Amino acid sequence: MKTIKENLLKKSSRRGFLKVAGISAVAIGAAPAIKAVSVASGGGADSLPVKTANGESLTAKRWGMVIDTNKITDEVVESVIAACRNAHNIPDFNHTPDEEKYPKTRPANKNQEIKWIWEEHYKHAFPEMEDEFIAEKFKSLPFLVTCNHCKNAPCVQACPTKATFKREDGIVIMDFHRCIGCRFCMAACPYGSRSFNFRDARPFIDKINPDFPVRSKGVVEKCNLCAERLERGEQPACVEASEGAIVVGDLEDPSSEIRGLLNENYAIRRKQELGTESSVYYIM
Amino acid sequence: MSKNAIIAGLAVFVIVALFPFWFNIGRTNAAPEVELSAKAKAAKQCVLDKYDMRANHMSLLDDWRDTVVRDSKRVYKAANGKTFNMSLSTGEDSCMGCHVDKEKFCDKCHNYASVNPYCWECHTDPKEVTQ
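Each protein sequence line maps, in turn, to chains A and B.
Going by the working numbering, the letters in the first sequence line up with residues 1 to 284, in that order.
Going by the working numbering, the letters in the second sequence line up with residues 1001 to 1131, in that order.
You may find that some hints are simply not true.
What the hints assert, rightly or not - Only some residues are given here: those of chain A computed to face chain B with a beta carbon under 10 Å:
hint: 1; residue: P49
hint: 2; residue: K51
hint: 3; residue: N94
hint: 4; residue: E168
hint: 5; residue: M174
hint: 6; residue: H177
hint: 7; residue: I208
hint: 8; residue: E231
Read the hints as simulated data drawn from the structure, not as lab findings.
Keep in mind it's a predicted model, so treat the numbers as computed, not measured.
Backbone N, C-alpha and C define an ideal beta-carbon position, used for all residues, glycine too.
Starting from the given sequences, assemble the full structure and let the hints guide the process.
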């Protein structure tokens, strides 16, 4: 003990000791700050994963759809519905299940059909506009109806798990993983655009498209405006199959094709009086 | 008097309580080895390194699905510099694009660990389509 004390006294003064102690304290205190700065300036940036959108994806401020009722014929309706079916693995209850692959499939209940885009009569699509002496053509014209991707979507407000939500670009979309099948959204939707899976859909899908998942029993589903195709830079399946009758684009962009169409033609929306602010317009 | 009955009862209890142990003596319950597809072997590196992947793939998938569905971002540039399509079963650079055989890859461990993730109720096993 004595020798150490003597050494200290001999080799370092109190002044020297305080100097060393002070510098050490500053160094210890500054270490986290130096580390943070070195990471922020790119020192450790390459070790963090980065998530980005696909480069060629189509984007909009608010996606909308215009359906030209003059161009909708029975053939167009058929091909549009078929295209949507194939793109999203939507079951067709008229399809006869493969006995070998799915033995003992009980017959389908047609009331439980799954609809993303479907044919409707004018009087059902626009019930409040069924005027007394309306043009004769509206009584027979096929109308295509689908999810309206409302600005004030009642289904989004009704969903207790946030499985249905509104994306920033206006698409009302579902996270099937989160859906608990409570069907509040189906009660809330004034357009009947949502369907519940009462049973496994696989036996009633003619050919499974591997690019899109099937839905499981107990989940609600609806049109997603082909969000997965938009992200690949492709137009929605219905637009491709419609021979120009359906146009999808940015409602907030005054120079978009869809805004041009709305400027030149008289277009109506379904059940506007409800204040849902639908994003699907019908050119009459 | 009741000493024998108590001892007998205790013995029975111990035997029953230790059932899982003596029942499995002499059986081989070695953990299964996953079989990597030729493509996965050639790629050498997955999204994370092997042990991280083994322990955390479920959190990664959970994170991916939220990012894809909610933020519409689908491209993942991993820490090791590789890019992946954030998808379980669609496309070449998705999980199943590389690990093509669900039975030899996913199911082997899941069955052993007795976990039943519901992925395949909706997602398509690539083999299901080609059959």
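Would the hint on K51 (chain A) be counted as holding, given a Cβ-Cβ threshold of 10 Å to chain B?
OK, holds: K51 (chain A) within 10 Å of chain B, min 5 Å.
Identify whether the interface hint at N94 (chain A) stands, where standing means a beta carbon of chain B within less than 10 Å of its own.
22 Å, violated
For the hint on H177 (chain A), just tell me whether its beta-carbon gets within less than 10 Å of chain B.
6 Å, holds
Please verify that hint: M174 (chain A), Cβ, nearest Cβ of chain B, below 10 Å or not.
8 Å, holds
Going by Cβ atoms only, is E168 (chain A) closer than 10 Å to chain B?
9 Å, holds
The hint names I208 (chain A) as touching chain B; please verify it with the least Cβ-Cβ distance against 10 Å.
6 Å, holds
Quick check on the hint: E231 (chain A) CB to chain B CB, less than 10 Å?
6 Å, holds
Go through the hint on P49 (chain A) and say holds or violated, using the shortest Cβ distance to chain B against 10 Å.
5 Å, holds
Checked against the numbered hints given earlier, the structure breaks only hint 3 and satisfies all the rest.
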